[in-house]
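K.L.:
Combine both chains into one complex, guided by the hints.
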Amino acid sequence: MGRSLSLGAGVGHGWLHTAVHERWRRYQRVGALVLATVCVALVASLPLLALVAELTSSTVDSLSLLQRWDLWALFLRSAARALLVTLLSLAVGIPLGCLFGRSDLPLRRILWLVHAFPLFLPPFLLALGWFHLVDLSGVAGAGIGGRSLSGEPAVTWVLTFALAPIVTTLTAFALRGIEPSLEEAALVVARPLHVFRSVLLPGAAPAVALASVVVFSLAISELGVPLFFGTRAYSEVVFSRLAGIDFNPGEAVALATPLLVAGLLLVVAERRLFGRRRFDLLGLRESRQPIELGRWRSLATAVVLALAAAGVAPLAGLVWRAMVGPIRPGQKLALGDSLWTSLSTAFIAAAAATAIACVVGHALVRRSRIASILDGCLFLAFVMPSAVLGVGLISAWNRPATQWVYTTTAILVIAGCGRYAILAVRSSAVAFAQSSPQLEEAGQVAGASFLRRLVMLVLRPHWRGLALAFLLTLVFCMRDLDTVILFYPPGAEPLTVRLFTLEANGPPRLVAALALVQVVLVAGAVTVGSLLLSLGARRR
Amino acid sequence: MKESTVLQIEGLELAFGTRAVVHDLSLAVAQGEVVAVAGASGTGKTTLLRAVLGLARPRQGVVRIAGREVSRGARILVPPEERNLAVVFQDLALWPHLTVARNLGFVLSAKGFKRSDRQVLVDEWLERVGLGDRGRAYPGDLSGGERQRVALARALVYEPTALLLDEPFGSLDIALKEQLIGLVRELLAERQVPTLLVTHDPDEAGALADRVAILEGGTIRQICAPEQLTPSPPGSFAESFVGRLLPR
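Residue numbers (the numbering used here), protein chains in the order written: chain A, 27 to 566; chain B, 1168 to 1415.
I should point out that these hints are in silico values taken from the structure, not numbers from a laboratory. Some hints here could point you the wrong way.
[As the list claims (entries may be wrong)] Simulated restraints on C-beta separations:
(1) A/Asp130 / B/Lys1281: 54 to 64 Å
(2) B/Gly1307 / A/Arg392: 19 to 29 Å
(3) A/Leu133 / B/Glu1357: 56 to 66 Å
(4) B/Gln1359 / A/Asp130: 50 to 60 Å
(5) A/Ala106 / B/Gly1311: 55 to 65 Å
(6) B/Glu1345 / A/Gln315: 51 to 61 Å
(7) A/Met349 / B/Gly1307: 43 to 53 Å
(8) B/Gly1199 / A/Leu477: 49 to 59 Å
(9) B/Gly1240 / A/Pro463: 22 to 32 Å
(10) A/Val60 / B/Gly1410: 52 to 62 Å
(11) A/Arg486 / B/Gly1199: 29 to 39 Å
(12) B/Ser1399 / A/Val60: 53 to 63 Å
[What the hints assert, rightly or not] Non-contacting residues of chain B with respect to chain A, defined by C-beta distances greater than 10 Å in every case (computed):
(13) Ala1182
(14) Gly1184
(15) Ser1193
(16) Glu1248
(17) Asp1258
(18) Gly1311
(19) Gln1389
Ideal Cβ placement from N, Cα and C applies to all residues, glycine included.
One chain only, chain B, in its complex shape (with noise of 0.2 Å):
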């Protein structure tokens, strides 16, 4: 294991009830890198997150976190809430009964942060992702693209050891998209969180991973500079999303 090395996979089996996903997948992010995994959908990305996450229970492998064992086969060694992870799930999960700030301010006061210093935290948090003055609605008075920052400014407020990103663009129309895509650069750069994206979609990976791996037939067939990906074998997953990716 390198010594930047933050995120650690090793042999990595997962399975969908009886039937195995994902077989033998070994991956490392360091600090201050974005990879995104890509792959078909039902290759199994979003179960690799869960795993990741302590949220679903691997058959074999070990994850490794800041260099802390955190899974070894399907023993759950630390729990999700212990690992220091954040997530932005597809669709958000922001607490609809929960205002902005409280949707901030919950987290922070999950990991012991005392009343006044949450209050400082989100409100430069709110500022930092341009929602300044939306600190008092709930989520299901904001726009898409707003409530995708508070997932973003909820992910990262309280300093994760690694963020982990499932398809975060997906409902987003194309001009909306680049923008967040912006201000998640802008933030990954600025901050050094180690990051691990699944994404099906080229731009996603293109834009923002330092690295992409092809998920295919259950294991990782390349893992590279988004640039140096082949197109290959023909018809595969990878020929078409090399096909579409964008240059950064």
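Just chain A, with the same shape it has in the complex (with noise of 0.2 Å):
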């Protein structure tokens, strides 16, 4: 013990403590949260403020575009479709959620999976897909075919299956992350169902809120479905004034307004319902004795199994149509460079999400300031219509000065990481929440320096969670065509673009093929996610 004495001694009086080492230590958590701000207001905070000075500084007559009638009753009808949705998906989720999150039913975790798998992939593939099914199935024998198909009954239908799996995984993993001894304490004196309603299920609430703010983002930015069957949405009418013979990019600001107001409601009802408890909410536990069903067992999972597969039945009409069907010879699959536009576009922004969710998720979970603000901009960002986002980036980006950037992919990356940015630091925080803070303030009095504690006993711990985020921030990005569809370069069009494009006038079978090229880059994404996933939950 005589020599340790003489080497602590020695050691950290010399080099170590010189005056720019120690500054340089005591400033690194305001560095980087300075990058990771700098970062955020590139991405997120710059094109809407841009779309905002546009805005302000745009004609009377783009303006008054906004008395017209029948534009505000369009709009009116794409918020009454997103809420119908929204509701929809409540009436889908929740009891999906309660049967995942906490229940006995058996194969929970694979038709968990199977439920969500629509919701990573562009919506308007599975209304590709439905389309097929119809068109190819028994039900065209009865003279429908998949043109039938169309209208504001088709759009609500397959929206609801590709947005409710998030008020599922929310709900679910709300009730995972409520504290045992709460309902522990409650099954002492109450049945099982009893307990499930008065302390389970509230506990549960301020996640369902999030999800309906969420889905009903979503479900009014969407563009792709209601195009494809032929029916009209309000963001319609802004990608029109930017990509079609009504091109008028002022009169795009001035349309996107209402759209940008709705995305600021849905942020104050988001601050208003989740507030602080954002991520303290959503657990990760595992190891508890979930509630049996009893004699209602198999018919919870008759039912869970029949919307399962209904929400992946279009891929089953793809894959369908990808082998039967007319095709020219010397016809081949058309992807270009798409794929790899989509592939590489996605995995840079979703890298850049997840360094961002590093300072800015462990920066939430400890209460910063800066960082609510910061989650506060991304979540704006992911909440406003899709329109709103793609004409800000426009306005912000569409200079001379920067054209390096607008006219090449950078601009789909910075698109893709403003707008899901914040996927990566809610489900990163989410994670970080799982520790005791105290485990990083024991290294810190040991002498840790911030970056050393954020690698080591943050990140290291949790880089399951980290991977994870990468991997949804990955997928949405993939997934994503509102956004890029807006601004893509020429050229450079992601698999998305490339899709709805070639739909309209490709061969149905090609078509069919291409979709299902994203349907396995999303189910090997998705598979790796997963597998991290039950890892964790093992090793915890």
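P.N.:
Set out below in structure tokens:
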């Protein structure tokens, strides 16, 4: 022990404690937050600020568009559709979330994964799948072709199955996150169903509220599915001013105003409903006794199976169409560079978003006010209808000095990171919140600098959570159509855009085959994600 | 300030949110001395410890470590990582993803020790706390007593200026607690590390502390050797605490 004394006395007061080194150590946390702030400002806040600036300088002619009742009627119609999709998603997602999260339903992990899978695909691709399924199946024999699947009911049907998994998943995670002792204390005096109704469900309510906000925002943003089924959507009006014969960017900016207001209202709703509890609520606990379904087990299993099967049914339509149907000799899969563009830009955007999440997610769970503001900016960019963010990105980056960004795939990276970084931030914050802050404080007291603590004591034990955050962001970047279709660089369209444009006049069999490429890519990412999650659960 | 005083607190005021829990608290811990701050739950003992560590911001008062002012009023002048203190938290806060040896190695590398020196120190300290063969185990694989030993070794391995203990034996059974208290007494006597222990347990305070400070009503009511404490006023924490205090 005498030797340890001499070693301890010698080290720690030499080169390590130079003024520069001390200063660097002290300002690491601030420096990291400043860097994250700059990134968030560039990818998420700048487009929205540019849009507001553009609005304030808009001509009277452009703003007079907002006096047209037909446009307001279309806006209300889109909002009503989004509301209906939200309500239906809640009706499907809450019971499924309860069953997946806390019941003894057989095969619940696999069924949960199958049910959630459509969420990771571009919704218009599901619409395409439904179209082919109806077209090719026996229903067609009864005189009903794929084209008869159209209008509001078809849009609502497809979007409900595409977005209900958000409600399911957040509900299930919230139910798992509820402190076991709360449940156990109630179980001592009440029957399980009563405990479920009075303790568990109220505990999950904020997560359900968040899910509602997210579903509504994605539903009102949706462009591909309404266009596919021949119904009108407000976001289409904005799109047509940027990419159609009605080309008029000034009008697009003015038309984005109602969506901007809707986005702001959604952010206010989220802050009020969820507040500071937004991470602590979503737990990753595993080891607890599931609630027994008893005699309802078979019925519940049948219903869940039916709903999960309905969610992935359109994939069967795509497979079927890819294998059956006319094809001319010489016709080939025309992916071009779109697959590489999709993968590379989504990968870089997800990596950047995860890097931001390391700093912002950590600061959020440590109750940093700056992080809370950054989280708000990113959440705003996420719930803001994609047409608004798209128009904002064009306003911010389509300038002579920034053409090197705007005319290259860099704009796709910025768009993906700006719109979906919140997913990385929130999911990594949920992971970080599972550890006691004292683990980090113990390192701090022992002299570890901020970066050393962040890497060794926060990121390293939560690498699975970070990998999941990365994969989630990657998949959402790859599924995006509504934002990138507004400004993708010429000759560098992502796979979703390629599929959407080919769908209009390409051979159906080839288009279906191309759609399956996207499905396979997403399936790969989702499989890795679910393996990481189950590995993490086993190790915990 | 006495020449041997290492840790000095003057006129400290602490709060939970807007509610003041400690006011005008002054305390000094000399080299080699163990001072226990005893008080009922919710009296601000842990907040006091966190303020000394720099993890909580006081409202008023001064904290000095080895003569250097580390906080004045609400200003943190020296951040926690530069105070060269060590702490054993109530739940120990061992890093679950690092082996026992890496738990010790991490704090040494944070302090700038060379890799070769780190290995020597880790081995020596694990031997010292009776865990020479457990270096490769993870904290989750250890018993409660073994985890306690790792936490102690991790706190003392880098020669801290002072040690702070936050009810470190709260979760142990009586036999194990006595065994570990013996080990802690031995280590503290050997290293002469000034120690501030916060506890509500008379056994811990009586067995380890040279002086005990009774924290009640937000301030220190008595501070003296354990055997000199008076069980008054009636109905107070001091009465029940002193009544259960065991002779050393």
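K.L.:
Hints first: check each against the structure and report whether it holds.
P.N.:
Checked hints:
1. A/Asp130 / B/Lys1281: 54 to 64 Å: 55 Å, holds
2. B/Gly1307 / A/Arg392: 19 to 29 Å: With Cβ atoms ~24 Å apart, the hint holds.
3. A/Leu133 / B/Glu1357: 56 to 66 Å: 59 Å, holds
4. B/Gln1359 / A/Asp130: 50 to 60 Å: Roughly 59 Å apart at Cβ, these two residues keep to the hinted range, so it holds.
5. A/Ala106 / B/Gly1311: 55 to 65 Å: The hinted range 55 to 65 Å holds for A/Ala106 and B/Gly1311, with Cβ atoms some 60 Å apart.
6. B/Glu1345 / A/Gln315: 51 to 61 Å: 37 Å, violated
7. A/Met349 / B/Gly1307: 43 to 53 Å: Given range 43 to 53 Å: holds, Cβ gap about 51 Å.
8. B/Gly1199 / A/Leu477: 49 to 59 Å: Violated, at about 35 Å.
9. B/Gly1240 / A/Pro463: 22 to 32 Å: This hint holds: roughly 24 Å between Cβ atoms.
10. A/Val60 / B/Gly1410: 52 to 62 Å: Cβ of A/Val60 to Cβ of B/Gly1410: about 56 Å, so the range 52 to 62 Å holds.
11. A/Arg486 / B/Gly1199: 29 to 39 Å: 37 Å Cβ-Cβ, so the 29 to 39 Å window holds.
12. B/Ser1399 / A/Val60: 53 to 63 Å: 56 Å, holds
13. Ala1182: At about 16 Å from chain A, B/Ala1182 clears the 10 Å cut-off, so the statement holds.
14. Gly1184: 13 Å, holds
15. Ser1193: 23 Å, holds
16. Glu1248: The claim breaks: B/Glu1248 does not keep its Cβ more than 10 Å from every Cβ of chain A (closest is about 5 Å).
17. Asp1258: 7 Å, violated
18. Gly1311: Holds, since 17 Å exceeds 10 Å.
19. Gln1389: 29 Å, holds
Taken one by one, the earlier hints fail for this structure at numbers 6, 8, 16 and 17, listed in ascending order.
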